[in-house]
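Asks: Work out the full structure, taking the sequences as your base and the hints as a guide.
Protein chains: 2
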Amino acid sequence: MSKKYVYLFSEANASMKNLLGGKGANLAEMTALGLPVPQGFTMSTEACNRYYEDGKVIADDIVEEFYEALSQLEKINDKKFGDSSDPLLVSVRSGARVSMPGMMDTILNLGLNDVAVAGLAKLTGNERFAYDCYRRFIQMFSDVVMDIDKAKFEELLDDVKEKKGVENDTDLTTDDLKLIVKKYKALYIVEQGEEFPQEPKEQLLESIKAVFRSWDNPRAIIYRRMNDIPGDWGTAVNVQAMVFGNMGDDSGTGVAFTRDPSTGEKILYGEYLMNAQGEDVVAGIRTPKMISELQDTLPEIYDEFVAIADKLEDHYCDMQDMEFTIERGKLYMLQTRNGKRTAAAALKIAVDLVEECKLSHEEAIMKVEPKQLDALLHPTFDPNALKEAKPMARGLAASPGAACGKIYFNAKDAAAAVELGEQVILVRLETSPEDIEGMYAANGILTSRGGMTSHAAVVARGIGTCCVSGCGEIMIVERNKTMTADGRVFHEGDYISINGSTGNVYGEAIPTIAAELTGDFGIVMGWADEARTMKVRTNADSPKDAIQAIKFGAEGIGLCRTEHMFFEEDRIPAMREMIVAKTLDQRVRALGKLLPMQKKDFKGIYEAMGERPVTIRLLDPPLHEFLPQEDADIKQLAKEMMIPFDELHLMISNLHEFNPMLGHRGCRLAVTYPEIAEMQARAIIESAIEVAEEKKIKGVPEIMIPLVGEIKELKYVKDVVVATAEKVIAEKGVKIDYLVGTMIEVPRAAITADEIAQEAEFFSFGTNDLTQMAFGFSRDDAGKFLDDYYNKKVYESDPFARLDQKGVGKLVKMAVELGRKTRPDIKLGICGEHGGEASSVKFCHDVGLDYVSCSPYRVPIARLAAAHAAIEAKNAY
Amino acid sequence: MSKKYVYLFSEANASMKNLLGGKGANLAEMTALGLPVPQGFTMSTEACNRYYEDGKVIADDIVEEFYEALSQLEKINDKKFGDSSDPLLVSVRSGARVSMPGMMDTILNLGLNDVAVAGLAKLTGNERFAYDCYRRFIQMFSDVVMDIDKAKFEELLDDVKEKKGVENDTDLTTDDLKLIVKKYKALYIVEQGEEFPQEPKEQLLESIKAVFRSWDNPRAIIYRRMNDIPGDWGTAVNVQAMVFGNMGDDSGTGVAFTRDPSTGEKILYGEYLMNAQGEDVVAGIRTPKMISELQDTLPEIYDEFVAIADKLEDHYCDMQDMEFTIERGKLYMLQTRNGKRTAAAALKIAVDLVEECKLSHEEAIMKVEPKQLDALLHPTFDPNALKEAKPMARGLAASPGAACGKIYFNAKDAAAAVELGEQVILVRLETSPEDIEGMYAANGILTSRGGMTSHAAVVARGIGTCCVSGCGEIMIVERNKTMTADGRVFHEGDYISINGSTGNVYGEAIPTIAAELTGDFGIVMGWADEARTMKVRTNADSPKDAIQAIKFGAEGIGLCRTEHMFFEEDRIPAMREMIVAKTLDQRVRALGKLLPMQKKDFKGIYEAMGERPVTIRLLDPPLHEFLPQEDADIKQLAKEMMIPFDELHLMISNLHEFNPMLGHRGCRLAVTYPEIAEMQARAIIESAIEVAEEKKIKGVPEIMIPLVGEIKELKYVKDVVVATAEKVIAEKGVKIDYLVGTMIEVPRAAITADEIAQEAEFFSFGTNDLTQMAFGFSRDDAGKFLDDYYNKKVYESDPFARLDQKGVGKLVKMAVELGRKTRPDIKLGICGEHGGEASSVKFCHDVGLDYVSCSPYRVPIARLAAAHAAIEAKNAY
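Top line first, the protein sequences correspond to chains A and B.
For the first sequence, position 637 matches number 648 in my numbering, and the numbering has no gaps at all.
For the second sequence, position 396 matches number 407 in my numbering, and the numbering has no gaps at all.
Since the hints were made in silico from the structure, they are not lab data.
No false leads were slipped in.
Pairs involving identical chains hold if they fit within one copy or between any two copies, as the list cannot separate such chains.
Below, a list of computed lysine to aspartate or glutamate pairs in the EDC-like style, where the Cα atoms sit at most 16 Å apart:
(1) Lys492 to Asp424
(2) Lys723 to Glu64
(3) Lys604 to Glu588
(4) Lys795 to Glu668
(5) Lys726 to Glu807
Replies: What follows is the structure, given as structure tokens:
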């Protein structure tokens, strides 16, 4: 049997969503449930894919099926296309696997032609209505199917209105509308060189093709990328008999949810309009009424609708979003689907459905999208205060949340103000690693330059601080400590507010509300923890981060970067002294100054984490990042360090790298300067011993060696670490356990993971770097071409946000298999930013990682995503 | 049975080279042949590896075997260690699988102590000789085994000589030597805190350990890296009874080759000294005699030696390098091995041995090291002229060969002088891509800055031009057009000569002699071509390179880079115009100017190559490489292009990349600017058609898309290329064939090669980039730490010179297998610099590539290496 591409609503059901799209499958399901649905058929998503494969034509076998369905449709509805007394009219609507509202095209009133318009007039007894439909259909078809500029039709309409001296479309007479139809049809000939198609079947086939094409229009591509929808899913097309809500006072149309989509409250929630078509409800020309008022207007219809709504919610075990039309006192259901809802509503509905005994815990948590939680994890503006506020500029929504504070123009001033208890927004042209201290301290960060992957954006997301980047409308003069926006000049200490979820910047103080993980959120998270098998750790570099992460449920630290610690003002001099040291002695002396500082950091983190595991990564970035680049700063440093300026300048320029990403960093630093690794190992072990003795907290530090590509390199550094650790243990006379492992972030490490595992007690996948090196482009530079790649459909999503499973994932899988072959009990985790992204978390579960680690604010997302992954895997059996 | 670690010479043979080292295996073989060899035993290379594994101790089981061998040795020689009348004395010598002359330690006269010295005196009747041996032994043992500074012993010796008022050691009396022995033994106590060891077996065990340790001394590590010798081979140690060539006028010692190692001529070639020890032949205090003179001195011994030499050459079927000693009229063989020889001698010997019917063609070519040929492929100085010359400075030997010419200080002047027929040396502080034209034109390149991987060095090696880089002793002032070296000032047009094989720079003109591939070279190459199964292509960007490569036997072009063509002075303006274009129209207009230039290049190359395949790579480098970076140059360009300076400056700084290696380049350029690929595809196809019509040369151009990481990216660019090609073919009405394929140089491409092969008709492995991305370090930056990596034994060889088979090679293998799975007839080649390195060529053969491609000057090396690989693979069955 050859493949079937066209299904009548009566031939399908809700389980066929992948083939028929959400709308089509649900129309079929409602038909099967015996609900009043205008009948029709669905061209499958496979028909769409065939259309593209066959070079944007519908193949003959599919056309044949289509004609067969069409004649069935005429039979079912007992109407004929183009009939002069009771013509069959249809709507043509897209319908992908998941809803992509407004992204693709729709055509209504299809089937009208010079004969059928008369039939419609006769049927409705309303000639004006019939011609109004016809002129709308001509315009819609010409626009959507033939790509004729809509404005040209609007012009003709305006001409007639002007000549008639009327203002509204509704003031046009039947004759006016007939004239307009005539003009429209003539315009069609002018544009297309042929008559407006009179054959309804031809109209329909062309419309279907246009909907298929709209799957690939630019806004659909962008929407898919934003929502991680694969391009090869394709869209189905639904052809459905028209019903009219605008046939008089016993007709109407509306939309409703079975629960409040903002709060999740269990009440029928929606709007309707009598004597109106669907568009009118949305268009806002007339004010729709609350659905509850329908009870008074049409009590029987209302009761019928409520019964249907209950039935549908019970049937789907989820809150439904429905569209209906009433034609001359008869109710028709045009759509139902699981309704979109806010994060808060999603949680409440999940909890309520469990309480109502409709869902199990596992079923309930599958109803909450992990990604959605993000909105609940950051401070937000007080909604009342926000109502009055108007943004004065808009930048990129670089890191979510809302913040309000006094502006400061450099990291030092910002940090100082925070010390004094101020709320602070750090304002910079762009940030650099030297600004870290101020970035950590500030409540929010605003930059006028740099994109979504700029330093400011990346760091802010990592630490969960709200950030608006690349806000070019604001002119910042750092040396004057001023910024100008919307004609106003702001000085240091002035209040502004920023929203990192929208990119909006406000020239005033707007109070914020902190995030809370209580109530429904806590309940759902509890269920998620029951369901998941993978641990969730956090990336945290400070006790403050660690405490926040524990509040969000982190079970350990998967990545504690040690370099940020060295950027702080009281530490960077010793760091710089270490870097410019000319002899081993000098370097060891400088490292000696850093040792107590590192110990203090580690003790704080151990105390915050209790006995949870803590993975500490040895120094990673190239050393030049710690040195000043501007002559003035170099002069200052030379003076402080008592080195001639020229000498220091030469040292710094010798540290310059052509490709810092591929330079002298990671474990390479420890190979050339083992004394750095020695100092860090000493700090890690000494502080663990001290915390064990002083606080009775006995953790097992995991020492992580970064950027390893070859086993001998790992072994060299590991030997240094172990020798130091054993020495410290002997000195202190206290035995503690520790692990030594490595990041897998260089492709060669993944490929030779069987060897690497001989030395590594754990692997942590650094998928940021692994992505850069596997693809061969750096995050900082890829911005120059990634947009072109999205537009040309080469990539569908940002591989830095969503793990590239086909390439990078294959490396991860290879490393997991090779690593386990050598060391079956090797501990495996991920600490790249992917550790907090749902599809990547699922991948990590499926390849068998022990844990994911992500920034504190993504921990709840990862917990829920890990639960989803475990449940899906279980259900797949 | 437990493993055997110690072998008597009588227990082994030549096939055991891996286990016993070359020296040990050959001593055993000579023993088996019945030749007069002082007997002894060999501690195996596995004993050396055990020594390291066990933490630098010799395990008890091995010590036991050692004692057993020792007592056998006493029996065989009928002498006892420490005997007071006829003591057994031995030499202790290292011996790895391949000869590493002078890299490891040797100890002679071992077994002497206070008793044995008297025995030796009695035996030889020469007390002075005995004490001279003893004091030498004490010093040698203390230095080599105990690491006591040799200079301290020399000082004591000098003291005694001063007090006695003598000048030469030979003037010291027996009593003086006894005094010295006394002092030496006291010094040993001072340094070691214990007596000089009197027990010969202890002396011996410590000496063996010292030789094992010497396997890992820094000069041995460097030697191994230079000669691609794996660190895990280990060295064997040979313990052999001493014989003395210094026992009077019927004693002597010498070294000889069965053929002349410089020319290959078939004559016994060597030197000897009567009444001398081995060291004296080399030391140069007395002038050794030609081996032929031995015929007069000791005719019987001479005849015996000649007979042995003939026997050994016949036995090994190769030229032998032998050491012998005559002790009181008896000949002893101390060593034989296949002798090192010059490239010219290697070729002559190979050809002669075939003519003498001793070797087959295949056996003969296995006797020639591919790498060695390099010396024959570049111009050299006229040896007579060189004798008089003294270098005035020395830089890095960056690209081999010799050159002589007038100096010019910028590329433009250099190119202009070449046009006028001058011989030219381009002298620069350092070179940049803008200098390409002058670099191509010059006979040699000299820079005062930059290392072995600087722009000058890399480009020069690629085009086979002699280059000395980083010659810091020379001060160059480019704007004055002067350079100062050794106190002399040179001006534009003055003659100098440079040797890129040694790094020497001469302040005068030294005539050069061109390389020739005639005579023996041609014969051996012919045999190599018979034996090999893999094709050898060349990387060539110009007709000049192509012609040179064909002379060297290239069978096609594996990589024609198109970017160098754009750096030429008459072209770069159009290129820059293209880059700074603000609209598609402007860019297309600028590309229109480049089209005829590209066509001219391609036609020249097609004509030079005849119908051999030519792979042309589309534009690869980031665009900023074509733009000036200095303000003055930008100003000039702004003026030429009639753009405001600020605007151009901003454009250029917007093109800046943080990691250019991982930036907007390769096929990414064609995705963002498909019109560039269109122009290049048009140029490739139009010129192929024109050459087919005008010259009747019908090639099949292979269009190569670089830096692909994802099939959709390849497909996008391929679609542009194919559409253009088909359009051109339709326009011209001439059908020609062409292939479209890709570089595999991004790890993700290797991993997803099954997908990529759906679109690619060929793969060419770009192992330079693949190495950078797999290891995660860039060639330009790795210099900062690679030396530390070699010193710490993390890497043994430069992965950019020798393909890393374990990591990068695994990616290549994976891609080969995946690619062939999808497209069984896919054409596979390599075009990284590894394509001309012997071990990498063998790897390419073994994984089944169709061809390797390398720079023209490496083509003969690759041909021979491919032959070696084919023969080795055949013999492995």
